[in-house]
Structure formats: C-alpha cells, structure tokens
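Given these sequences and hints, build the entire structure.
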Amino acid sequence: MKTRYLCTQNQTDKIMAENKKLSIIAFSGDFDKLTAVFTLGTGAAAVGYEVNIFFTFWGLDAIKQKQGRSFTGGNWLTKLFGFMMGGLKVTPTSRFNFLGAGPKIFRYLMRKNNVATLEELVEAAKALGINLYACEMAMHVLGLKKKDFIPEVKDVLGVASFLNLSEGGQTLFI
Amino acid sequence: MKTRYLCTQNQTDKIMAENKKLSIIAFSGDFDKLTAVFTLGTGAAAVGYEVNIFFTFWGLDAIKQKQGRSFTGGNWLTKLFGFMMGGLKVTPTSRFNFLGAGPKIFRYLMRKNNVATLEELVEAAKALGINLYACEMAMHVLGLKKKDFIPEVKDVLGVASFLNLSEGGQTLFI
Amino acid sequence: MKTRYLCTQNQTDKIMAENKKLSIIAFSGDFDKLTAVFTLGTGAAAVGYEVNIFFTFWGLDAIKQKQGRSFTGGNWLTKLFGFMMGGLKVTPTSRFNFLGAGPKIFRYLMRKNNVATLEELVEAAKALGINLYACEMAMHVLGLKKKDFIPEVKDVLGVASFLNLSEGGQTLFI
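Chains as they are written, first to last, in this note's numbering: chain X, 384 to 557; chain D, 384 to 557; chain A, 384 to 557.
The set of hints was computed from the structure by calculation and includes no laboratory data. Hints may contain errors.
No copy labels: a pair is met if it fits in one copy or bridges any two.
Under the rule of at most 25 Å between Cα atoms (straight-line distance), these lysine to any residue pairs were calculated in the SDA-like manner [what the hints assert, rightly or not]:
| no. | residue 1 | residue 2 |
| --- | --- | --- |
| 1 | Lys528 | Thr500 |
| 2 | Lys404 | Ala510 |
| 3 | Lys403 | Gly551 |
See the structure below:
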C-alpha cells in the first residue's frame, strides 16, 4: 500500500460510516471486475464500513492460495478448470483482453498513475479486516477445499447465510 | 429436487428469515449467471425470504415455454434473436463456453457432485413460490408475449413497479 | 422523448415513490447494459425516485463529450483505450455483437417497437434530473478529466462518497 493512491484518500475525514455495511457477491473472475470488487470493498472499509465479500464461481479465483495457473481441484476435470481459470495473476479483463495484454496494460496504467493494483488491493482488504467468505456450493462444483484458499478466508458459507449477514446494508452482485 | 444437494440444506434451522426480501433483476442469459440467479433465489426462499425475480433482456430466456432453440417472437428479426438466444437448454456460460461444451461440463460436475442443476433449480423456484416477473419493455423490444412464457410467470411489469415491490429488501442485478 | 414508449408510462399514477432512492454503479460499457442502466434510472426517476448514477471503468463511455470514437485521454495509451472504448454510438452489445450489427439491430427493434433508444434515455436522464457522477479512480487510470465529460456530470467522486450518498436506498452494480 504505502504511498499509492487509494480511491478513498482524503475522504476519510469527510465521511462517518460507523454501523454501515457493504456486502459483495464476487461472482466474476474478470480482472477488471475483481478490481471493482476490491476497490469498492477497501474504499468502504477505509471509512469504517463493515465489508463482507462472498466469493463464488469464477470469483473464487481471487482467494486461491496458488495465484498463478495451477491444477487445483478434486479430479482431472475440476483440475483442468482450475488451470484454465488461472488465478489472480493471469485473469483476463472482460473487454480488450488481447491474449492477456489487457490486464498488463491496466496494471501499467495503474502503476503509472499511482493507483493501487489488484494485488495491492487484496493486501489492503486483508489489512482493513474485510470479511472474506467462500461459497459452499461453488466449491462442491469446482472440487475446491478450504485449504485451497488463502488463510484470511474466514468461513465457508451457503447463500442463505451470506444474505442473512448482509441484511441491513447495501449488497452488490459483481 | 429430491435428494440432491441444495445450497441451503442444514441451514434452515440456523436462520429465521421471515419478513426478509430478496429481489433479483435477471438480465443475463448466461448459463452460469442464471444458475446464480436461481441458486440465490431458492437459497433465500428456502429459509423464508420473499423472493422476486424480474426477467429482462437475455434473462427472458429462462422463462420461455420452449426451452430448446425456437423461433419465438413477433417478426423474422425477433424470431431470429429468439433462435440465437436459444433457451435454457442451450444457453452458454460467460467464460469457457467451448461451442457449448462449457454448460455440459458444468452440468456433469453439478450432477457428479450432487448439486442441483439449473433445470432443477427452476423447478425448485416454482415449488418454493418464488415470484417470477417479465419486463414489459424488453418484451416489446424482442416481440414476446406473456403466452410465450411458462405459466408460473406471475405478471408483466415495468421497471418502476418492480423497484417498488423490491423496496425494503436486498436487490441484485445479475 | 416526445411520444415514444417509456417503460413507466401509465405507471406514474399507480406508484408514489417520494423519498425513495435508486443508486447505480455503471461499470459496463456494453450497449445492452448501458440501456439497462438508463432504463432503470429513468423508470425510477419518472415516478419520483432520487436517482444517482456513478460511472466507472467502461461505463465512463456513456458520459463522454465525444460520443463517436475519439482519442480522449492523457497519453497515447489511454488515448488508444479511449478510441477502442469508442463512446455511446459504437459501444457493442454483450452478446451477439456481430462486428457492430448487434447494437444496430437493437436500435432498429427499439425504434420499430416505439421504445426509447439509448440516446433518448440519456436525454431523458438529464431532463429528469438524475444525478450523474464520475469515478475519480477510473478517471486516473484512463487519463480522463472532468472536461472530457458532458456538462450534466454533477461531480467527480470516490467510491466511499458514492456509497455514502446511496445509503438508505437500493444500490445496483451493472
């Protein structure tokens, strides 16, 4: 994090967000959408929101231990999916991917313009105490275990449990 | 439904969700996103949420009578769109579609891991009394009539009416 | 606007929406999703909702001054992105784009069926006093300045400020 520009700098003094809550269902594995997930999450957490992120389907990529391509999964088919999904370092943008150049260009622009990169945003999420959850059902489908995820993942939840803890706040599906 | 794993099993005892509401604007026609719509909807309904789903644009696919490819629509152009959109049985995944293999692999993984498939989730939605609505404007654009949809569709609504009945709950755009 | 069909006609009498609020994070630059943003926004505003739209990433396309392809941006790389993103008149649909034919077909269908087109919806948004905001961080990344946007853009905001003004209403990520 250090000196990089975070979207909420010089706003912390303006906003009091105690007792406010933001919950995000992180479904997409696209680089730009995951960036949105963590930008919104860290932006809200930085001003005092309780932030809950529920990773499901392609979004589970963001919380995998192995961030490069890896054969994570219970059998050869889920392993293959795991390999193709890739992980945070190789995830494509939803538009203008150009065989992987898209995310590189974005990273370059973000560094150049002193904006926190996706990896930095994930680190910020951990530092800000954002609650990270993994979707039970998607883990079943993709053959993933809790041990496949980064240790910061707080719990494995079903949909209803997540919706329940999101009550009373703003909930987004990304 | 029967013995298959639903994301909310063994959670019903933990959560009391009376007077809670989940509303979903189902815009996407992608297989994985429609799965998310129905997983979230049935998961919430199973623990007592009032659930409202508003199908619009590509999402209207999910509630069409004819679930294979069919020429549904008022003129040749909307008929062509209807054919291309295809319906629930041929809808693609948003990533890794592989000319239709993606959804097949998903279905296989879901069956193998004893997770409810999309068709089963739609049946569950009906059984759980989820309120299904169709978007008036999108029907105009695509030349669709109420009779083109499954009889469980409760009403044809405008945007404002749907937002109004979503008030006081969580609303997601998928 | 004039005599075209808007999704909320003949609903204004049915719904009282004073003190209600709809906030949209407009992330996507796809033609169909931007249509959804403005359809939802104008639909809600027409019945009295306070409507706030926060344009970020690809969504910034919708509020650029130059609506055709243009080299807007701080350096050659962001200029190139600006050119590729194109602007409202050349933005693709998320499915069935057919090298640009998709949006044309949609426009045709919308005109033919007397539904407001995207440009008309943007005009309606201005007329209805919808609050348009641009995302500070995305502007940094893409090298955009406030002067690159239409004058109706009310302010440049960070994530936390937007979430804060969305409190107490429904918030959607599109």
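Quick rundown of the hints versus the structure:
In the homo-oligomer, the alpha carbons of Lys528 and Thr500 lie at most 25 Å apart only across protomers (21 Å), although the nearest pairing inside one protomer, at 27 Å, exceeds that limit. For a Cα distance limit of 25 Å, the shortest separation of Lys404 from Ala510 inside one copy, 17 Å, qualifies, whereas the shortest one across copies, 32 Å, does not. In the homo-oligomer, the alpha carbons of Lys403 and Gly551 lie at most 25 Å apart both inside one protomer (8 Å) and across protomers (10 Å), since each shortest distance falls under that limit.
Going through the hint list in order, the structure satisfies each hint without exception.
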